[in-house]
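Same order as they appear, the protein sequences are chains A and B.
When the letters of the first sequence are read in order and numbered with my numbering, they come out as residues 1 to 76.
When the letters of the second sequence are read in order and numbered with my numbering, they come out as residues 1001 to 1146.
Rather than coming from a laboratory, the hints here were simulated on the basis of the structure.
Quick reminder that beta carbons are idealized off the backbone N, C-alpha and C, glycines included.
Incorrect hints may appear among the rest.
Here chain A is said to cover these stretches of chain B; the calculated rule only asks that three of the stretch's residues, wherever they fall, bring their Cβ under 8 Å from a Cβ of chain A [stated by the list, open to error]: (1) 1112–1122; (2) 1127–1139.
Here's a subset of chain A near chain B, in silico, CB distances under 10 Å, partners left out [said to hold, decoys possible]: (3) 2; (4) 9; (5) 11; (6) 17; (7) 22; (8) 26; (9) 27; (10) 31; (11) 35; (12) 37; (13) 39; (14) 43; (15) 56; (16) 61; (17) 68.
Label pairs and their in silico Cβ distance ranges [to be verified]: (18) B:1044 - A:6: 39 to 49 Å; (19) B:1044 - A:17: 32 to 42 Å; (20) B:1032 - A:71: 15 to 25 Å; (21) B:1026 - A:18: 35 to 45 Å; (22) B:1069 - A:64: 26 to 36 Å; (23) A:12 - B:1002: 22 to 32 Å; (24) B:1139 - A:39: 30 to 40 Å; (25) B:1139 - A:6: 18 to 28 Å; (26) B:1127 - A:62: 32 to 42 Å; (27) A:18 - B:1069: 38 to 48 Å.
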Amino acid sequence: MLFFRSEELVDDWCRAQGVPKRPLVSLGQLWQLAVAWYESRLSPTARRPGPDEMRAIFARIGLEGPFWDPQSDRFG
Amino acid sequence: MDFDTGVKLAVYRHIAATARTPTVDEVAESVRATPREVLEAYERLYRNRVLVLESDGATIRMAPPFSGVETQHRVRIGDKEYFANCAWDALGVSAALHAPAEVLSRCEQSREPIHLRVREDGPDPEPCVIHFAVPAALWWKDIVHT
Chain A
1 MLFFRSEELV DDWCRAQGVP KRPLVSLGQL WQLAVAWYES RLSPTARRPG PDEMRAIFAR
61 IGLEGPFWDP QSDRFG
Chain B
1001 MDFDTGVKLA VYRHIAATAR TPTVDEVAES VRATPREVLE AYERLYRNRV LVLESDGATI
1061 RMAPPFSGVE TQHRVRIGDK EYFANCAWDA LGVSAALHAP AEVLSRCEQS REPIHLRVRE
1121 DGPDPEPCVI HFAVPAALWW KDIVHT
């Protein structure tokens, strides 16, 4: 997961690297992901979200589709 | 609290306090166990996707969101500077430590510095986007690349 100044620079990078362009996430969405994943990381009760929880977290912040499905077989 | 959770917390608390990953001996002393017991816990924590280890099985490469090696994503909190594994983890350091932060990173294409001020309710607006190159189903296939 890398930062870019603009979507145009993502396009340039994907062309230069020969890799497909994949979903872009906004800074606000990234913060929500960071909080969902890490805010309890130093707690004794912290645990990784399971697949259903991951899907729910992604959906809540507008990230849906097979790319965000931790059990999708469309990217195997 | 089970032993593995104790080891995990010892690792994370050491990183939080010092901005560097602990040695096996430091963790062993913290949890009052032998280095061998800590290494066995490391292996289980790796299998459970809690820690990522170097090939020696003893050196911590990642304790997400923290990186055990220098990266392009630096996170300043107070007088400490942490390294994060990726853009997500750069904000994750602030979220994990519940502290405002300065994120110093770069645009991967233009190499222009990107400086984010992260407050307790999130980062100040800044023109940037984040590209996720690897689908969620494959993140742990090669987590260092991801």
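Requested in this report: List, from low to high, the hint numbers that the structure doesn't satisfy.
Outcome: 15, 16, 20, 23, 24, 26 and 27
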